[in-house]
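> Going down the list, the protein sequences come from chains A and B.
Under our numbering, the first sequence has 36 at position 36, and the numbering climbs by one with no breaks.
Under our numbering, the second sequence has 60 at position 60, and the numbering climbs by one with no breaks.
Derived by calculation from the structure, the hints in this document are not laboratory data.
Keep in mind it's a predicted model, so treat the numbers as computed, not measured.
Any given hint could turn out to be false.
[Said to hold, decoys possible] Each pair of labels, with its calculated beta carbon distance range:
1. A:Gln14 x B:Thr20: 43 to 51 Å
2. A:Thr51 x B:Gly16: 49 to 57 Å
3. A:Thr112 x B:Thr54: 43 to 51 Å
4. A:Gln14 x B:Val12: 38 to 46 Å
5. A:Thr112 x B:Pro39: 20 to 28 Å
6. A:Gln9 x B:Lys57: 38 to 46 Å
7. B:Gly16 x A:Lys56: 27 to 35 Å
8. A:Val44 x B:Lys70: 20 to 28 Å
9. B:Gly16 x A:Gln80: 43 to 51 Å
All C-beta atoms, glycine included, are put in the ideal place defined by N, C-alpha and C.
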Amino acid sequence: TQLLEQSPQFLSIQEGENLTVYCNSSSVFSSLQWYRQEPGEGPVLLVTVVTGGEVKKLKRLTFQFGDARKDSSLHITAAQPGDTGLYLCAGERATDSWGKLQFGAGTQVVVTP
Amino acid sequence: NAGVTQTPKFRVLKTGQSMTLLCAQDMNHEYMYWYRQDPGMGLRLIHYSVGEGTTAKGEVPDGYNVSRLKKQNFLLGLESAAPSQTSVYFCASSDRQGRMSKTQYFGPGTRLLVL
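Pulled out of the complex, with its shape left as it was, chain A reads as follows (with noise of 0.2 Å):
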């Protein structure tokens, strides 16, 4: 059982439609980050929110941290090709060791032009 729930798991849109990737826990984050994966390559990070309510604001990307700091969302406005990926979230519990970051499943998407 994964600690960090993303959904979809899997969503393919056409460019300029918007959508919106969850990432969901019962447990509470010191902090939460976005990463983004390209085929045969390692993560890239994209955000770190560690404030309960904040938004960041990437381009077209807008992050946001739960009130309760259990969960998070990625919101891309007018998607593109260029943002095909998989979208990873990744929190550091106050709980666990410095650095430990738990891993979501990742959400799968995919910009048709």
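Once you've looked at the hints, dock chain B against the given chain A.
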């Protein structure tokens, strides 16, 4: 500045064979990690290190050993490979900031097939 590099990129082993995966980072990071990635399961932590000469078990350590003799290198060993260890292995490194870790930087991965 190469970041995190992994050797080899791809390997095929027979059941029972041994091998070592090498990870090197040139960012002077304190923390290093080994993960495996399997379809539908995300990244699972195998072992990690919070500094030179120290290692600790992660979520799925059985069948693997690690060593961190130098700060820039983190080795992952499989003493007797099993088909269940077929996976993509990622190394990562990070620094720390107070009680929280900074960004984890990942290598390109090693694809391992155990027959």
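> Please go over all the hints and tell whether each is borne out by the structure.
Going through the hints against the structure:
1. A:Gln14 x B:Thr20: 43 to 51 Å: For Thr20 (chain B) against Gln14 (chain A), whose Cβ atoms are near 46 Å apart, the range 43 to 51 Å holds.
2. A:Thr51 x B:Gly16: 49 to 57 Å: Holds, since Thr51 (chain A) and Gly16 (chain B) (Cβ atoms, about 50 Å apart) stay within the stated range.
3. A:Thr112 x B:Thr54: 43 to 51 Å: holds, 47 Å
4. A:Gln14 x B:Val12: 38 to 46 Å: About 39 Å separates the Cβ atoms of Gln14 (chain A) and Val12 (chain B), which means 38 to 46 Å holds.
5. A:Thr112 x B:Pro39: 20 to 28 Å: holds, 22 Å
6. A:Gln9 x B:Lys57: 38 to 46 Å: With Cβ atoms ~28 Å apart, the hint is violated.
7. B:Gly16 x A:Lys56: 27 to 35 Å: violated, 49 Å
8. A:Val44 x B:Lys70: 20 to 28 Å: holds, 26 Å
9. B:Gly16 x A:Gln80: 43 to 51 Å: Since the Cβ atoms of Gly16 (chain B) and Gln80 (chain A) sit about 48 Å apart, the hinted range of 43 to 51 Å holds.
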